[in-house]
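> Listed below, chain by chain, are the residues.
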Amino acid sequence: MKELLLTALLGIGILVLDILNLKKYVLPFILLALATLVGFIAADWGTIETPFGQTMLVYENGANLALGVFAVVLFFWFILSSSYFKQHEGKTDLYALVVFSFCGAGLLASFGNMAMLFLGVEILSIPVYVLAASKKHDLASNESGFKYFILGSVASAILLFGITLVYGATGSFDLAVISNFIQDGKDASIIMNVGITMILVGFLFKISAAPFHIWTPDVYQGAPTWITAFMSTIVKAAAMVALFKLFTGPFQFYVEANGYTIGVIAAVTLIASNTAALWQTDVKRMLAYSSISHAGFLLSTIIGNASLLSLLFYLLTYSIAGIIAFGVIKETQTLEGNPLKGLYRRNGVLAFAFTAALLSMAGIPPFSGFIAKYFVIAQLIEAKYFALVVVMIITSAIGAFYYLRASLNVYQHIENAGRIVLTPLIKWTYILLTALLVLLTVAAGYIHLL
Amino acid sequence: MEILPNITIQHYLWLSTTLFALGVFGVLLRRNAILMFMCIELMLNAVNIALVAFSKVHGDTSGQVFVFFIMVVAAAEVAVGLAILMMLYRNLRTTDTDALNNLKG
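For the protein sequence lines, the chains are H and R, in the order given.
Basically the numbering used here = 1-based index in the first sequence + 30.
Basically the numbering used here = 1-based index in the second sequence + 757.
Calculated directly from the structure, the hints in this document are not laboratory data.
Mixed in with the good hints there might be a few duds.
Claimed, not checked - Among the chain H residues that face chain R by a calculated CB cut under 10 Å, a handful are:
id, residue
1, Val68
2, Phe70
3, Ala73
4, Trp75
5, Glu152
6, Ser186
7, Ser202
What the hints assert, rightly or not - Below, in silico cross-link-like pairs of lysine to aspartate or glutamate (EDC-like), each with a Cα-Cα straight-line distance of 20 Å or less:
id, chain 1, residue 1, chain 2, residue 2
8, H, Lys166, R, Asp853
9, R, Lys813, H, Asp168
10, H, Lys371, H, Glu412
11, H, Lys165, H, Asp204
12, H, Lys166, H, Asp204
13, H, Lys121, H, Asp168
Unchecked claim - Some chain R residues near chain H, calculated using beta-carbon distances under 10 Å:
id, residue
14, Leu761
15, Pro762
16, Ile764
17, Ile766
18, His768
19, Trp771
20, Leu779
21, Gly780
22, Ala810
23, Val822
24, Glu834
25, Asn848
26, Thr854
The beta carbon of each residue, even a glycine, is placed where N, CA and C say it ideally should be.
Chain H with its partners taken away, still in its complex shape (with noise of 0.2 Å):
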């Protein structure tokens, strides 16, 4: 609970040091907080805690574990983002709403019930309408937050009304009585499972998987950069979370009776995201395919019998790879023309760290995106899905060539380039995520001790 208040409670100080024209410290009180609030999941590990004695919340190792990576991923990218708000006049306005946003993830992360579910969505998209189209005078911003809102809108709709169903065939939005309601052997209805797919439908539209990933691109290109950082990061691991957590648990039934459809779904999303990624020019479509063709791996850790840990550990790698990815773009984005080509002569350490967020997107070893996508895979071939293990071979293979493309655009050789100059403090932030990723990959190997 002391997680949920602080991060609360942090969004409005951040609003309070606007006022008091304190906007220098802003930045620095962010970060203390954050990694206050890593301590606070740190002191909790192994408790489970209910606040007020009631099953609204609850505070598991593994609802912990998913805060703290959020919290891990939203501290870089306030690090990263640093340079960007500094010249932005509602610096602050956006830094609350960001931490307003992430409220919403850690409600995701940890709710019992139904109505904690909801809030949390809600809470987690609503700000995050309100930074997308934050570029007032950029029509491409505004277009893309329209967007956005629209069909988030109708996702918590739909969620909504699968949430009403279940309600009416259980009589409660409890997860504990929902998932006693099933193992008693009472019947699933039609109700139930009209309701189980609909709330499967709004998940669908917020972790952009097929056939509801029109509205991605559009979105993640017309969004700022930053914006397009942490809604491709921060929003879509805590959706997925959410998804991961009903589906394993109360729903697992479902899952159960479905698994060849969710299995076909992640398959249309793979193969429709990389094959149209091969045709972007523009990196930021590019990497908005790319992240729906995570979300294809994402979804199928619910057919796969897959643990938490393996979910949480995709999202962290993908996050970080998906932060340098957009952080190296903003970067470059003020130069004319094809801006990553040739990023070797402007700076090495971006030209390295992009390659290095790419490979591992792609699955190449030592980075560890290939882990991440090992650990998928292997748990899908001893729960049987042989056909969706060959659709992401195939299609990984397609996306390796997307990415090695734009990371060999980054090598190539240009006349008289000028310089990016980062500040140190950024520079070793990437150097540091970039040495993560290969860490990782050695972290995996202990992973089974948590």
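Mind docking chain R on chain H? Use the hints.
For chain R alone, coordinates are given in the frame of chain H:
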């Protein structure tokens, strides 16, 4: 529901589903941004009807409490949505969504 004994949960569910479907089709087919907002509101309120009816059937008040949450969230959503729409109108001078075609692959 004692006053109208012939109206059962099925009727409420049909009403709610119909309104919800109208909302979905409205969002998909309408090209005016304000009407799309209204359709989203329609979807949320359709859910409210179903929730209250289920709550009455189960004799459980948590469904009715949930309705208040939905109302709060719907208000927040409309506030944000109208702000985005105002900004869009200032830049485009129209609320026709066909004008939104800047982002393409």
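> Holds or violated: is there a CB of chain H closer than 10 Å to the CB of R:His768?
Hint on R:His768: violated, closest Cβ of chain H at ~14 Å, above 10 Å.
> Taking the closest Cβ pair, is H:Glu152 under 10 Å from chain R?
holds (5 Å)
> If you take the shortest Cβ to Cβ gap from R:Gly780 to chain H, is it below 10 Å?
holds (7 Å)
> So, H:Trp75 near chain R? Judge it on the closest CB pair being under 10 Å.
violated (31 Å)
> Are R:Glu834 and chain H close enough, Cβ to Cβ, to be under 10 Å, as the hint says?
holds (6 Å)
> With 10 Å as the cut and Cβ atoms as the points, is R:Ala810 at the interface with chain H?
With a minimum Cβ separation of about 8 Å from chain H (threshold 10 Å), the hint on R:Ala810 holds.
> Should the hint that H:Val68 touches chain R count as held when the rule is a Cβ pair under 10 Å?
violated (29 Å)
> For the hint on H:Ser202, just tell me whether its beta-carbon gets within less than 10 Å of chain R.
Cβ of H:Ser202 sits 7 Å from chain R, so the hint holds.
> Is H:Lys121 close enough to H:Asp168, meaning Cα to Cα at most 20 Å?
Holds. H:Lys121 to H:Asp168 sits at ~17 Å (cutoff 20 Å).
> With chain H as the partner, please determine if R:Asn848 meets the hint condition of a C-beta pair closer than 10 Å.
holds (5 Å)
> Check whether the Cα positions of H:Lys165 and H:Asp204 lie no farther apart than 20 Å.
Since the Cα atoms of H:Lys165 and H:Asp204 sit roughly 40 Å apart, the hinted pair is violated (cutoff 20 Å).
> Hint check: is the beta carbon of H:Ser186 less than 10 Å from a beta carbon of chain R?
holds (8 Å)
Going through the hint list in order, the structure does not satisfy hints 1, 2, 3, 4, 9, 10, 11, 12, 14, 15, 16, 18, 19 and 20.
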